[in-house]
Amino acid sequence: MSTLVLDNGACFAKIGYSHEKVSVIPNCQFRSKTSRLKTFTANQLDEIKDPSGLFFILPFQKGYLVNWDVQRKVWDHLFGKDMFKVDFADTNIVITEPYFNFSSIQDTMNEILFEEYQFQSALRINAGSLSAHRYFHENNSELCCIVVDSGFSFTHIVPYCRGRKMKEGICRINVGGKLLSNHLKEIISYRQLHVMDETYVINQVKEDVCYVSQNFYKDMEIAQLKGEDNTVMRDYVLPDFSSIKKGFCKPREEMNFTGKYKTGEQILRLTNERFAVPEMLFHPSDIGIQEMGIPEALVNSINNMPEEMQPHFYKNIVLTGGNTLFPGFRDRVYKEVRALAPVEYQVSVVLPQNPICYPWEGGKLLAENPDFEEMVVTREDYEENGHYVCEEKFDI
Amino acid sequence: MAEKKTTGNRASIRSQDPNQRRVLDSMTRHRRLTRQLEALEKDNFQDDPHASLPQLVKRLPQFDESNESGKRRKKTRGDHFKQRFRKNFQALLEEEDLSVSEGPNYLIACAEPSKFPQRHFCAVCGFPSNYTCVSCGARYCCVRCLGTHHETRCLKWTV
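Those sequence lines, one after another, are chains A and B. Going left to right, the first sequence walks through residues 1 to 396 as full-length UniProt numbering numbers them. Going left to right, the second sequence walks through residues 1 to 159 as full-length UniProt numbering numbers them.
Rather than coming from a laboratory, the hints here were simulated on the basis of the structure. The beta-carbon is built from N, C-alpha and C at its ideal position, and this holds for glycine as well. Treat the hints with care, since some could be wrong.
What the hints assert, rightly or not - Just a few of them, taken from the derived set where beta-carbon distance is under 8 Å, the chain B residues facing chain A:
{"hint": "1", "residue": "L37"}
{"hint": "2", "residue": "N44"}
{"hint": "3", "residue": "F45"}
{"hint": "4", "residue": "D48"}
{"hint": "5", "residue": "E102"}
{"hint": "6", "residue": "G103"}
{"hint": "7", "residue": "P104"}
{"hint": "8", "residue": "P128"}
{"hint": "9", "residue": "Y131"}
Claimed, not checked - Lysine-lysine pairs mimicking DSS-like chemistry, simulated, CA-CA at most 30 Å apart:
{"hint": "10", "chain 1": "B", "residue 1": "K42", "chain 2": "A", "residue 2": "K33"}
{"hint": "11", "chain 1": "B", "residue 1": "K87", "chain 2": "A", "residue 2": "K33"}
{"hint": "12", "chain 1": "B", "residue 1": "K42", "chain 2": "A", "residue 2": "K62"}
{"hint": "13", "chain 1": "B", "residue 1": "K87", "chain 2": "A", "residue 2": "K393"}
{"hint": "14", "chain 1": "A", "residue 1": "K33", "chain 2": "A", "residue 2": "K62"}
{"hint": "15", "chain 1": "A", "residue 1": "K33", "chain 2": "A", "residue 2": "K167"}
{"hint": "16", "chain 1": "A", "residue 1": "K62", "chain 2": "B", "residue 2": "K115"}
{"hint": "17", "chain 1": "A", "residue 1": "K246", "chain 2": "A", "residue 2": "K33"}
Using the sequences provided together with the hints, build the complete structure.
This is the structure:
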């Protein structure tokens with residue numbers, strides 16, 4: 001009886017058996033201009049020779065699973081003989097869902113897991129709950145923690161106490177990796193080169209070059225200087241998929257500060273975009289989204305909690321999700337929360353080794369937990385009682 | 001002899017006839033902003049490369065004798081899903097009908113507006129801005145950026 005842990009994210013699906021390692025696989029389908037007949041699913045991305053102008057088909061919209069056709073195709077590929085070769089009758093599945101998932105989506109997921117794929121038993125849970133479980137496993141003495149899950153579609157800030165999420169404290173900021181990439185595409189398209197179609201390439205640019213600044217206005221001043229004094233400026237070489245397979249950032253020694261480059265490569269010169277784009281996580285109002293940033297929302301969420309618990313929440317802030325990988329993210333969050341929090345409370349912000357797979361690791365620990373059997377819903381249970389038993393048991 | 005001051009070739013932007021530059025009102029500006037924010041939610045900015053291909057010939061149903069009832073059941077269920085679950089996010093949200101339920105839900109969980117003042121950046125170069133375009137409300141930092149803005153983006157599309 002094996003357990004498959006699947007962290008079903010909008011950008012990547014983190015999947016693996018609980019006794020094996022995790023694989024991070026894109027959770028969407030791709031179409032390319034060059035190979036016109038084939039639709040590539042999930043990790044078949046590696047087979048595409050020319051990812052320029054890549055067309056994405058995502059099953060998620062605004063963070064919620066709406067397109068079941070695409071999702072089923074991706075799952076068929078992942079569960080099939082090329083990937084995990086799942087033996088459905090003998091497998092439990094732990095699968096993640098977004099917070100406040102709609103009941104129609106939850107019902108559909110039940111139907112698909114039990115009636116179409118026919119898993120032996122299933123557990124539907126929020127990704128943050130798995131992160132909290134992992135955190136409490138490591139820090140046994142702590143009672144409360146607050147999880148910041150900053151992913152592709154949005155960012156959630158969720159307080160957990162004794163393993164249960166506190167619904168009154170959940171805060172959602174509608175800024176995620178997708179918004180950051182699209183904004184970067186827009187500003188590059190306006191200022192330098194038309195890249196609106198190149199989601200894959202610009203995503204790579206964002207991951208390679210962007211960082212979170214510790215002192216925003218000072219960095220802005222430095223970025224306005226000319227020549228060598230401008231330590232913020234970087235040149236990024238775009239891939240042309242024939243000689244340069246993957247884009248890269250030119251090291252400072254090779255940069256040509258005066259005049260143009262002689263070689264035929266396409267270069268993007270990035271100055272304030274490097275830190276202005278991740279700044280949107282901290283100030284969504286920069287772009288016109290009237291919402292609080294991450295540190296402010298953290299403090300707001302903690303203030304909605306009972307007084308006695310507040311110092312415990314400040315001591316246990318956990319950052320997960322892809323956006324936390326920006327260099328300087330953790331230090332910036334600490335600095336801002338420390339400035340906003342009352343002086344007598346201790347503030348501690350934890351960024352795990354691998355923030356993307358942190359919930360998956362929590363799922364792995366949960367599968368090995370002796371209480372696991374009581375938390376799942378078996379197929380027989382579902383067939384007797386229907387959706388009602390899932391609604392009761394799962395705390396979504 | 002009083003010397004006439006030569007005006008030279010400098011033309012101030014303000015001397016443009018105000019009747020020629022339309023000024024957008026706040027409702028239009030708000031609509032434009034909403035439009036821009038919605039564009040940021042898009043997955044793709046290009047069309048589907050497969051959209052223009054001719055439809056593949058529909059596979060004829062196979063009337064075979066074998067007892068493949070399980071497989072057939074799966075196929076019909078697949079079509080059933082296709083028709084039922086093609087709703088988009090907005091439709092699902094309305095279906096949930098969250099105004100009647102009590103307690104925290106998807107809409108309440110959304111973050112509130114920030115208590116800090118909004119910062120403004122030049123629409124052209126991205127550095128902190130001090131000035132606003134009279135016609136469309138875009139921010140700019142210096143006269144050169146204003147010139148670029150008028151040439152490229154100002155009032156180029158309106159809602």
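For each hint, the structure was consulted:
no., hint, result
1, L37, "6 Å, holds"
2, N44, "5 Å, holds"
3, F45, "4 Å, holds"
4, D48, "6 Å, holds"
5, E102, "11 Å, violated"
6, G103, "7 Å, holds"
7, P104, "4 Å, holds"
8, P128, "6 Å, holds"
9, Y131, "17 Å, violated"
10, K42/B x K33/A, "19 Å, holds"
11, K87/B x K33/A, "27 Å, holds"
12, K42/B x K62/A, "10 Å, holds"
13, K87/B x K393/A, "27 Å, holds"
14, K33/A x K62/A, "26 Å, holds"
15, K33/A x K167/A, "45 Å, violated"
16, K62/A x K115/B, "25 Å, holds"
17, K246/A x K33/A, "18 Å, holds"
Hints 5, 9 and 15 from the list above are not met by this structure, while the remaining hints are.
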